[in-house]
Amino acid sequence: MFSLRDRNLAREIISNLKEKDLSLNFMHVCGTHQDTLMKHGLDVLFKECGVNIIQGPGCPVCVTTPREIEEMILLAREGKTVATFGDMIQVPGEKQSLRDLRGEGCDIRTVYGIEDAVDIARREEDREVVFMAVGFETTAPSTASVVQQHPPENFSILCCHRTIPEALDAILSMGEIRLDGLIDPGHVSTIIGVKPYKFLTEKYGIPQVIAGFEPLDLIMAVWLLVKQIEKDKPKVENEYTRAVKEEGNIVAQKLLKEVFTSTDIKWRGFPVIPESGLILRDRHQEYDARRKYEDILSKLSGKTFREPPGCRCGELLRGLIEPQECPLFGKICTPSHPVGPCMVSVEGSCNITFKYSKRKIE
Amino acid sequence: MCLAVPGKIIDINEDKQHATVDYGDGIKRTVNISLVDAKIGTYVLVHAGFAIQTVDPKEAEETLELFREMIREEGG
Ligand code: SF4
Ligand code: SF4
Numbered sequence: 001m002f003s004l005r006d007r008n009l010a011r012e013i014i015s016n017l018k019e020k021d022l023s024l025n026f027m028h029v030c031g032t033h034q035d036t037l038m039k040h041g042l043d044v045l046f047k048e049c050g051v052n053i054i055q056g057p058g059c060p061v062c063v064t065t066p067r068e069i070e071e072m073i074l075l076a077r078e079g080k081t082v083a084t085f086g087d088m089i090q091v092p093g094e095k096q097s098l099r100d101l102r103g104e105g106c107d108i109r110t111v112y113g114i115e116d117a118v119d120i121a122r123r124e125e126d127r128e129v130v131f132m133a134v135g136f137e138t139t140a141p142s143t144a145s146v147v148q149q150h151p152p153e154n155f156s157i158l159c160c161h162r163t164i165p166e167a168l169d170a171i172l173s174m175g176e177i178r179l180d181g182l183i184d185p186g187h188v189s190t191i192i193g194v195k196p197y198k199f200l201t202e203k204y205g206i207p208q209v210i211a212g213f214e215p216l217d218l219i220m221a222v223w224l225l226v227k228q229i230e231k232d233k234p235k236v237e238n239e240y241t242r243a244v245k246e247e248g249n250i251v252a253q254k255l256l257k258e259v260f261t262s263t264d265i266k267w268r269g270f271p272v273i274p275e276s277g278l279i280l281r282d283r284h285q286e287y288d289a290r291r292k293y294e295d296i297l298s299k300l301s302g303k304t305f306r307e308p309p310g311c312r313c314g315e316l317l318r319g320l321i322e323p324q325e326c327p328l329f330g331k332i333c334t335p336s337h338p339v340g341p342c343m344v345s346v347e348g349s350c351n352i353t354f355k356y357s358k359r360k361i362e
Numbered sequence: 001m002c003l004a005v006p007g008k009i010i011d012i013n014e015d016k017q018h019a020t021v022d023y024g025d026g027i028k029r030t031v032n033i034s035l036v037d038a039k040i041g042t043y044v045l046v047h048a049g050f051a052i053q054t055v056d057p058k059e060a061e062e063t064l065e066l067f068r069e070m071i072r073e074e075g076g
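In order, the protein sequences belong to chains R and X. Quick note: the first sequence uses this note's numbering, first residue 1, plus one each step. Quick note: the second sequence uses this note's numbering, first residue 1, plus one each step.
This is chain R alone, in the form it adopts within the complex (with noise of 0.2 Å):
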């Protein structure tokens, strides 16, 4: 019903795109983009064109740093019941993860949402329940949605959301990869809409396309961006009407200012990026974990964490390699046994790889 489908019409556009001798590099940002072009076999079909596709730091869970995953680590560790979504559970800290530290009697909870973890807290008084807090625009109204509920006083969250239009801005202004234009996400763009995007095709002049997660979407937005570099005006432009309103989500973004404050925040495989990050405004502090478990917490400040030894994860949010330059990739790194992040979240893109290599072989 909300499918996009027309054989005949991506066949169509895939064989103009064909004849178009093409050479370009763009960017996605977004594992359920990486997902479609895997699954399909688009990266593929997409290359035979001419164009190559790079997923970039497009992962809440890959971009959360080492730091903030100690911290969960350590909050555990002095008893909190830590509650959080399934795949962040199981990237791994410096010596271990969420998910081991279950075996040495801690107290974490796997959750669909915030919601469920203020449940806990409602119906186990007794517990301090901390929520970490993970996601980009998509996920951050849910956060803001439920501070401004008051949530009983055992409930606090350790906020560790990014938003997206800085961090491509810090991708273009790092000028590491040539990228001819950008795939924006679909579903960070039902929330903030279309214009956040614009200041980024001003600056840089770079072509960009908010689209949807068929692989028709993705077919289509290729050839708008080609269609846009080839008239030379380059625009951000909306495929995905069906979800994406130009304005986006507004009683959302009202709930975000009201609750957050923009920071500068370190991603993994980035320096610290300006703006990039949302904490808790002073006057909801009572649920900032940082604040009320500021003792604990002190324990890990001046200390500095390394990616995991040989772990590539860096360079690959940063678009520069693929999953498979990683030499630990698909031999000691494995979704049952990974290194890093990327192999953990099935929206990472090592994950992705694998899952669909082996597909192939099959």
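A few of these clues could be false.
Calculated pairs, BS3-like style, for lysine-lysine (alpha carbon to alpha carbon, straight line, at most 25 Å) [as the list claims (entries may be wrong)]:
1) Lys-16/X with Lys-245/R
2) Lys-20/R with Lys-227/R
3) Lys-16/X with Lys-299/R
Calculated directly from the structure, the hints in this document are not laboratory data.
Given the coordinates of chain R, work out where chain X with the ligands should sit on it, guided by the hints.
Coordinates of chain X with the ligands only, in the frame set by chain R:
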């Protein structure tokens, strides 16, 4: 962690904040609808337990039509 899945609102709770969403295939879940303007029968995209946007099922067909036209103009 963060797919968004479309479903149809089939019932709204007394608190007006939550609704039952039917994803098809008999899968139903309670979802927070405070971020969207939704009624019974509205289709929504759901992410991490929250409806993040309403979606219009007719729009898919319209988008396809638009795409077909654009490609036709290009001359195949
Ligand atoms: S939050 Fe949405 S846009 Fe971002 S990676 Fe997840 S599915 Fe993609
Ligand atoms: S294969 Fe494993 S170790 Fe290598 S970059 Fe990916 S997650 Fe990191």
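Check the hint pairing Lys-20/R with Lys-227/R against an upper bound of 25 Å on the C-alpha distance. holds (11 Å)
With the threshold set at 25 Å, check whether the alpha-carbon distance from Lys-16/X to Lys-245/R stays at or below it. Since the Cα atoms of Lys-16/X and Lys-245/R sit roughly 24 Å apart, the hinted pair holds (cutoff 25 Å).
Next pair to validate is Lys-16/X with Lys-299/R; report whether the Cα-Cα distance is within 25 Å. violated (44 Å)
The earlier numbered hint that this structure contradicts is number 3, and it is the only one.
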